[in-house]
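Visitor: If you want the building blocks of each chain, they are given just below.
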Amino acid sequence: MGRPVKFIQAADIHLGSPLKTISEFSNLKHKLETANYTALKRLVNAAIEQQVDFVLFSGDIFDQEVRSVSANQFLSDQMGRLADKKIPVFIIHGNHDPLDQAKEYVRLPDNVTIFGHEEPEMAEILGDDGRPLARVIGQSYRNASESRKMYHGFVPPDDDVLNIGMLHTALNPVENKYVPCSLEELKSKQSIDYWALGHVHSPVIHHWEKPFIAFPGILQGRDVGETGLGGCFMVEAEKGCRPAISFIPTASIIWLNCKVSINDAVEIANLDDLADFLLQKGQELLDHGPGLRDDIPIADSYQPHIDGYVVRWEIVGRGKIHSDVLAGNEEEAALAVEDKLRQTLGKGQPFIWTEKVKINTEKNIPDLQDLLREDEVFRALNDIYTSMLLDKDSKEILNSLGNVWSPISDHEEARDDALKLDEDKCVELIERARNMVIERIIQGREQHENS
Amino acid sequence: MKIRRLHFNDFGIFRNQTLDGISGSLVVIAGPNRAGKTTFMTALRYLGFGFPRKTNGLPHFVNQYEVDADVEADEKKLFNIRLQGYGKPVLSPIKHSEHLVPAQLYNEMDGFTYRQLFTISLDELKQVPSGINNKEMQRLQVIMLGGGWGDALRLEGIRRQLGKEATDIGGKNGKIDVKLFKPHWQRLVNALEEKNEADRQMDDYYSKFEKLNILTKQTIPESQEELEVLKLNQYQLSLLREHMDRFDQMTALCKELLAADDGQITSCHPTVNKSYVEKLQVDWEKISREYRNLMDQFITKAGTQEVKKLQALLIKAGQDLEAAAKKISGWQVSLANLKDERENYLDLSNGLRQSLVELNTVWENKFDILDGMRVDDISEGILKEHLETYQQLLMEQKQIKIDFSQLESRQKIKEKELKEMPQSNKGLDKKIWMILIGSAAASMVAGFFNTFTAISIISVGIMGAILYFMQKNAVSADTKLTVRAITRELKECQEQIESLKIRSANLKREVESQESYLESVRADMHLPEDTLYKSLMDIYYRIKDAKRRYRQLLDLELRINNQENQLRLELFSAADGVRDLIQEEFNQEDVLEQAEDIFAMIEQLVNLLKLARQLDSVGEQMKQFQSEIENIQDANKGILSDNEGHQLTVLQQLNYLQVQLEKYSILKAKQDKYGEYYYGLQVALDTAQSREVLKAFNSDKYDDPWVISAFGFLRERFSSSVEVDMKLNDLNQMVRELEEKLEQLGKEQLTLENELSNLQSDTKLIQALNKIHEVKRCLEPLAEEYAVKRLAELMTNKLQQDLISNTESSLLSSAGNLLKRMTKGVYQQISTPEDISTVDFRLKNNQGGKGQEIEVLSRATKEQLFLSIRMSRIKEIKPALPVIFDDSFVNFDPAHITETITLINELTKTNQVFLLTCHPELIQMLEQQNNEIPIQFWGLENGKFYGPYQEGIKASTVLV
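Top line first, the protein sequences correspond to chains A and B. Just so we're aligned, residue 1 is where the first sequence starts under this note's numbering, counting upward by one. Just so we're aligned, residue 1001 is where the second sequence starts under this note's numbering, counting upward by one.
Hint data in this document are derived by calculation from the structure and do not stem from the laboratory. It should be emphasised that the depicted structure is a prediction, and the values quoted were computed from it without experimental measurement. Among the hints, erroneous ones may be present.
[As the list claims (entries may be wrong)] Dumping the calculated EDC-like pairs for lysine to aspartate or glutamate here, alpha-carbon to alpha-carbon at most 16 Å:
| no. | chain 1 | residue 1 | chain 2 | residue 2 |
| --- | --- | --- | --- | --- |
| 1 | A | K356 | B | E1780 |
| 2 | B | K1771 | A | E24 |
| 3 | A | K420 | B | E1774 |
[To be verified] Label-pair ranges, simulated between beta-carbon atoms:
| no. | chain 1 | residue 1 | chain 2 | residue 2 | range |
| --- | --- | --- | --- | --- | --- |
| 4 | B | S1092 | A | A336 | 47 to 55 Å |
| 5 | A | G328 | B | Q1186 | 22 to 30 Å |
| 6 | A | D264 | B | Q1186 | 36 to 44 Å |
| 7 | B | L1180 | A | D424 | 19 to 27 Å |
| 8 | B | P1183 | A | D324 | 27 to 35 Å |
| 9 | A | H288 | B | N1806 | 44 to 52 Å |
| 10 | B | R1160 | A | D324 | 23 to 31 Å |
| 11 | B | K1164 | A | H152 | 21 to 29 Å |
| 12 | A | H288 | B | S1092 | 41 to 49 Å |
| 13 | B | Y1206 | A | D324 | 55 to 63 Å |
| 14 | A | A336 | B | N1080 | 19 to 27 Å |
| 15 | A | D424 | B | Q1104 | 51 to 59 Å |
| 16 | A | D295 | B | N1080 | 16 to 24 Å |
The C-beta atom is built at its ideal place from N, Cα and C for all residues, glycine as well.
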């Protein structure tokens, strides 16, 4: 039995892919543009500081949608730093950087091992005495879509050392594009001690016992769909023992989707009030700091170092300001508030950069819940709303949404020439539609009663 | 639920009006127009829900709305509902503790639905929702309004409006390239094109990267390798061409040397060359001439033929002669100095003699007396100090004499004054004693007679003694003081005189001591006894100076003697040293006088010595010459014949040597030339590059270094230099072409590298992505608005269908029965369309057939249909709620009214019914009807209620 091994598990760097927001402030602009690079650099710093035995990248290091020479060169440089410290790196390619196109990416130093796509490949990490400390098995994507149940082939020669499997999967047995498999199927592979997964963009540990199964998430969120603190896992593992996992935050920018309700904010009468209200929320956000996960501890020496937040504010709820100011002027009002927030919060340290302000307030309908419960018409409407939610993937609903939307089942699918329509967005739109119908009916009734 | 009491404190036309004991079945409110019926109906409509702020149909108020009612719920439980202003209704239990909220009384029904269903007014049929065309409205209106589904009619308008709004945004299908989406689409297309361009740039980058790879790792290295080979060949031929002629010449020389010389002479190594021998010859002739000249001069100057003897003597004494000659100038200076010293001595002795005469005339020429004067032992300071002390002592002695004289005079004066002072009278004391004794005696005498007298006498005696004593003492005190002062002064004088005597004695001893010292000084300086002490100091200085000069004189005399002796010794020694050469002797005592002669003689001998030495030197050189020539001949025997040298003169020997050396040098030059060629070629070929090109011809065939032999092999491959030149030209041409090609490839590489440097920037890509993001960011709210409106349209449509479907399925059957009764069987059934969306309702009459379309029915029939559907709907709602009919039967014929009243009567079994009317005929018909349940009548006029009445006629009075 060898000593415990120490390694870093990371995935989904999407190097070269910029943050989907820009700032007119030059210092912010630079930070936003280089955040992804900063994250990888922090990872490499941690690997060197912690003198890890090796580093794992479980797919999507690159993003073939954003092919960048400078990003490739940066990766090569960073891998070179690890090479200088004699730290091996193991890489599999994912759906965003399938191996059939990998030839053009970059030439990496000799410490980097890239697993092929034909079949699972294996590498051993040797101790000072020349005996294996751990074994890494991985297989890359051949194309952007990979329907093979790869995990079947992950068969280590023996169970004497720590066996680590690297897989880029959505962990979805019915989704055929991203290595279909279920959590139970991975659990059933008892010859594997540790599943280092990639593809899911937020850190999640699915199984603590053998085999350990976890996604480290993305190093740095790039859009409002990738909220929270990005980073990687620092792992200390030994055969037969539960691994010690800590989270190393690498993200310098945190994306947040702040939904702010004006339901109880009766004092908001104009746009200045609304902006002040959001500024107050922004300050609360800064006071609260980045929300950390409870289930995965942050490594002691690597507390988050946040340069700033990129926030999408969504103003919802019902209030007087909707009818008085916002209704019909949502876009103009959003721009005005957005500008004030950027000017005020965008210059602090850490900064809050307002990516967008969305105004989705609604007409003030008294006792909406009562109406939905008591009024037969609204009850019927609510039944329709509920059935539409259940049937939101139906052609009828998708057609109603319009061709401008591109429905996606995975977080990474989207047409370039359309807007990304995920489940949450669909639910939001259906709910807003229901509320709009309610408003119109009430409006009709009022006109009827007043006539 | 039934309303049992109503109170209007402030509501529209009503002020403090109460309706108490309201019937739970049919309540008829009779009132003319503008009496307050509509206000009453409005109060009932909002009683359980509160008055809305924004509704136009509400009546006015004075302070605030104030209405309350007692209502009877299930199980006969009473509650009070109170409305104030726009507040929510407040429900309070009456005489029980059960708490409910108003909604529970109304079956959780919302206010709108209640108002919609339970307030029946035929005016409703006149209201057409906007957005519905007339035909459709007519088809739906009666049915849906009858069912209380007014929303269903409005939904059509809402649906159409939503559809229109959505279409305005994104057209029919929400395509990104239409309507309001279009400008965003255009920006997105541009941004996507920019991204594609960036992608193509990336493709271009990798294409060029691969091209550069091939260029730098294949094409250029291969061409460079080919060029290397060509250049090697080129260099090989260049090397051959460069050294070919020399190689050929070297080969020729080698052959020539082998033929001309057997190798004996060229194998020698002469120690001299011809020019050196020629120089020797010239030098020999020159030195021979010089020897002869010197010999002639020597004989002339020496005046003798015994050259060798004289030469030997001169050389022997050479060093002494030269030393003496060098000293001549020094001796001449010494002689002059000696003369000066002698003159100084004379001056110094004269001065000293004069000084001695001045001190003491008897001391003239007695310089030696100075030796006895011990002035050096006498300290100048001490002498000076003694003299000063001596003078002071003399002066003090003089002063003491004066003081002594004065003190003696004063003493005599004081003694005389003392003698003259009066003596003291010691007998006076006896007088006191006599007085006392006398007094005592008299007292004793008197005591015998009289004690008192005795005491008085004795007292007087004592008193007298005392007085006497006091007076006597007062007279002698002054005298005593004066005596005492004189005595003291006298004593002081005596003490001072004594003191002066002591001092005088001491001074005398001190003077004597000083004089003793001064006397010894005078003796030390051999001065006469009459010499005054006070001149001692001056004499001391002069003697001291004389002694100094005397010592100088003695020193000078000694020096002159020493110099004379030294000079004399040296001159004599010099003259004595050359005695053998000049055959003359000198007297030592006279040498100083003969000094100039000696000097001249020495200089002449020195000149002769020089010649002797030159002769000796030249002779020695001639011997060395001969020796060197012999050595040369010995060393170069290889080029000389054995028997020739020894029989020849020196000059002949030298000539012969020259001839042989000439022959040697000619042959040697050829050999050297060969060597030069050989080693030159070897050096030229012994470079890395040359070795590289010649290694292909390496062989052990010859003993030569391999590069030379390899070169020879290379040379053998070509018959002539012309052939080499031709081949070389071809190679040069090939090299030039290849170099041009490589230069071109280098430029291509540079261009590719520059292009790659430009292409590797991801600025364009980032910009394009940012634009895409920005476009989508702007597009998203619009797309959401489109989607929401389309979804709302879809929901509206579904809702409308649901409502129609519900009406059809749940109401129309029972409503058909009601209508049949209301129309006395004229209309049998309400038929529904197979496709609910067509809303094609029809009434089937007793004639059968397809039935009549609703829009063609008479107004009364439509109203009956409406009423039957509504009543059917109301009956379904449990628990029953109060129903309000607002003159709903205006257009009915009497038969239909009667039938309708029957139906209302049936309804009153479950529901409380309020019937508002301004028609007395209707009241009359109601009374005439065989009512199972009694009707309650109220009159209403100008906001005041009258009643309740059992008879309708009483209420009708307000209608007259």
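Visitor: Each hint needs a verdict: does it hold in this structure or not?
Guide: Now the hints, each set against the structure:
Simply put, A/K356 and B/E1780 have alpha-carbon atoms about 11 Å apart, close enough for the 16 Å limit, and the pair holds. Taking the CA atoms of B/K1771 and A/E24, the gap is near 14 Å; set against the 16 Å cutoff, the hint holds. This hinted pair checks out: A/K420 and B/E1774 have alpha carbons roughly 14 Å apart, not beyond 16 Å. For B/S1092 paired with A/A336, a C-beta distance near 50 Å keeps the hint of 47 to 55 Å intact.
In this structure, A/G328 and B/Q1186 meet the distance hint of 22 to 30 Å, their C-beta atoms being roughly 25 Å apart. Between A/D264 and B/Q1186 the C-beta distance comes to about 42 Å, which sits within the given range of 36 to 44 Å. Our hint of 19 to 27 Å for B/L1180 and A/D424 holds, since their Cβ atoms are close to 25 Å apart. The hint said 27 to 35 Å for the Cβ distance between B/P1183 and A/D324, and at roughly 29 Å that hint holds.
Distance hint check: the CB atoms of A/H288 and B/N1806 are about 50 Å apart, consistent with the given range 44 to 52 Å. Separated by about 28 Å at the C-beta atoms, B/R1160 and A/D324 satisfy the suggested range of 23 to 31 Å. As the Cβ distance of B/K1164 to A/H152 is approximately 56 Å, the hint placing it in 21 to 29 Å is violated. In this structure the supplied range 41 to 49 Å holds for A/H288 paired with B/S1092, their Cβ-Cβ distance being about 47 Å.
Take B/Y1206 and A/D324: their Cβ atoms lie about 58 Å apart, and the range 55 to 63 Å holds. Evaluation of the 19 to 27 Å hint for A/A336 and B/N1080 yields a failure: the beta carbon distance comes to about 52 Å. At roughly 38 Å, the beta-carbon separation of A/D424 and B/Q1104 lies outside the given 51 to 59 Å, and the hint is violated. For the pair A/D295 and B/N1080, the beta carbons lie near 57 Å from each other, so the given range of 16 to 24 Å is not met.
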